[in-house]
Amino acid sequence: MTTNFKWRSNPNIVARLVDGNDIQTWKSQQVVLKPNEACAFIIDGRIGDIITEKVVSSIGGGLGRHIAEMIGATATDRRMLFAMTGPLDLWIPFAANLSDGSEATGHMNLRIQLRKEDIPKLLNIFANHAPLLDRAGLIGFLGHEVTTRCIVPAMAKCSSVEELRSSEFQEHLEMHAEVEMRQTLSTLGFTFLRAFISTSKTDQEKLARLKADLDSATQTEGANADALMQRIAIREAATLRRIECEVNVERAKKRGEVTIQAESELLELRKQESVWEAELKRDQGQSNLRMNESSHKTTQAMELFEQVQARKRDRIQQSQEHQDQRMDKQNDVQTKMMEMAAQQGALTPEVMQEFLRQQTAQKAIDGNNSDTPATPPVAAVCRKCQATLMPEWKACPHCGSTS
Amino acid sequence: MILSGYEGYTKGKRRNADLAIRDEIKRCGTRARNHIMNVHDNGFREKKISIAKTAKACCNTIDLLIEDIDKSPTGMTHAFFSGQRSVSVSVLKKLIKHDHDVIEMMTKAVNISNSVEHAFASDKTDDEVKSLIRKCEQMITSSRGYYSARSTVLEGLRQKKKV
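Order-wise, the sequence lines are chains A and B.
Quick note, in numbering that gives the first Met the number 0, the first sequence goes up one by one and the last residue is 402.
Quick note, in numbering that gives the first Met the number 0, the second sequence goes up one by one and the last residue is 162.
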């Protein structure tokens, strides 16, 4: 009849030192050690076996052990040091200042591990500590030293928030923590695995966040306003376009009606035009006929007029030649008379004077005969067109009538 | 190489033999880690950050190896329920040789880590030291991979032959 002894009732428990003599039960106790648990036996002040992955029976209690103790057949002092051997995360809070004076708060994660061979070193802790070690107790052990040796110096070298968030800072802090904490952790039996820092938002970051939020809100508002304006503009354009389309439609209707009306009118006009053209052609034909007739008569009149003029020119020329011949004859007679007078010696100044006077009178008579204005002919009237005709005209120049 | 408590997987003590092998590999890993950590600490103190970073990467690999070994399966007690077939001599020989090879690789890794610390203390250049650290890390990684093949060997013990 055995019962299981549970050394760990809370996940935060890291190690526990159990005095075997304190287990006073009627039933014998056994413990099951899982792969991440180990137990070191300290018998009569000496470190015994360190076991894991095993069921350890009769660790305390039971009637047989009680009787053996009574008769002194067992060890005087039996202690069992249980511990977790898996990796252990410790979150150590801190508050430190950066080199620029701003404060940074947060937690430093320290991942450590207790290896099986190092479990007896936990006695260094239990020498000055309660027999139960949990995470809070371990943080109490290590926290101050980690803050003083690792976090504060690392933060003091950190110049800005950006550097605080950089991976180089994390690497440097991890190496720094490993170097500085090795001795302490080794003394307590822990192996350092990893370390990193997780800082809360600093005042500058809060301010930057606030600015970013405000900027974002402003940009959101601006984007909304822009979208609204675009929407209004689109609606306006759509409305204008609709109105324009309606106007165009109305205009097209009206234009169509006007076009149809104009086409009908145009058709009438074309009809009228064709009528007029026919009439015009007819009139032009008649006019042409009349014109042809008229021009023919005019040509005939002009020809007759030319013939009259030619005959007149011939008569004037004949008259002029006749007069010239007479003048020449008179001059010859006068010359002969002058010669005869000279031969007779009768050419005196009085004769010459008389001769010149007669000759002048003769020329005056000839001149008067040639310059005598013709008697104005009596005008006749054409019987057909009532135009005035000269007496010598044989036909009317206007209508070509010969009567 | 002498392993205390190792009896070559004799019947009834096979679990202890397995534990002894694993403890030896872990011990070798811890030894190598201690050497490399010394180089890491000194490198950081002397502002040789690149060496410290390389050493830290090697330490992480060793931690992974130790964790693998720590949490590796060990088999079950009652073969009847587990379906484990009886172990043949050939399988045991194969297992023993495999364990020997892993431990030899780990021993080499320890030797290299020792050389790393020695090189760092002497007038070797940073590149030479880093090269040695990376060589050690490579050896540890190889050991880790080789050790994982051990589970394949053990897997053969768990399967009954199908008739």
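Hints in this document: simulated from the structure, not taken from any laboratory.
Misleading hints may appear alongside valid ones.
[As the list claims (entries may be wrong)] Only part of the chain B face toward chain A is listed, based on derived beta-carbon distances under 10 Å:
1. 26
2. 29
3. 48
4. 59
5. 96
6. 104
7. 107
8. 122
9. 126
Positions of the beta carbon are idealized from the N, C-alpha and C atoms, including for glycine.
Original post:
Under the criterion of a CB-CB separation shorter than 10 Å, is residue 29 of chain B in contact with chain A as hinted?
Top reply: With a minimum Cβ separation of about 8 Å from chain A (threshold 10 Å), the hint on residue 29 of chain B holds.
Subject >> Cut-off 10 Å, beta-carbon criterion: hint that residue 126 of chain B touches chain A >> reply: Hint violated; residue 126 of chain B Cβ to chain A Cβ min 20 Å, cut 10 Å.
**OP:** With a cut-off of 10 Å on the beta carbons, see whether residue 104 of chain B makes it to chain A.
**Re:** violated (21 Å)
Original post:
Can residue 48 of chain B be said to touch chain A, with a Cβ gap under 10 Å?
Top reply: holds (8 Å)
Original post:
Is the shortest C-beta separation between residue 107 of chain B and chain A less than 10 Å?
Top reply: violated (23 Å)
Subject >> Status of the residue 59 of chain B interface restraint (C-beta, 10 Å, chain A) >> reply: With Cβ-Cβ at 8 Å, under 10 Å, it holds.
Original post:
Does the nearest C-beta of chain A fall within a distance shorter than 10 Å of the C-beta of residue 96 of chain B?
Top reply: With a minimum Cβ separation of about 25 Å from chain A (threshold 10 Å), the hint on residue 96 of chain B is violated.
Subject >> Restraint outcome when residue 122 of chain B is required to lie within 10 Å of chain A by C-beta distance >> reply: Since the shortest Cβ distance to chain A is 23 Å, the answer is violated.
Original post:
Should the hint that residue 26 of chain B touches chain A count as held when the rule is a Cβ pair under 10 Å?
Top reply: Because about 8 Å separates residue 26 of chain B from the closest Cβ in chain A, which is inside the 10 Å limit, the hint holds.
Hint violations for this structure: numbers 5, 6, 7, 8 and 9, all remaining hints satisfied.
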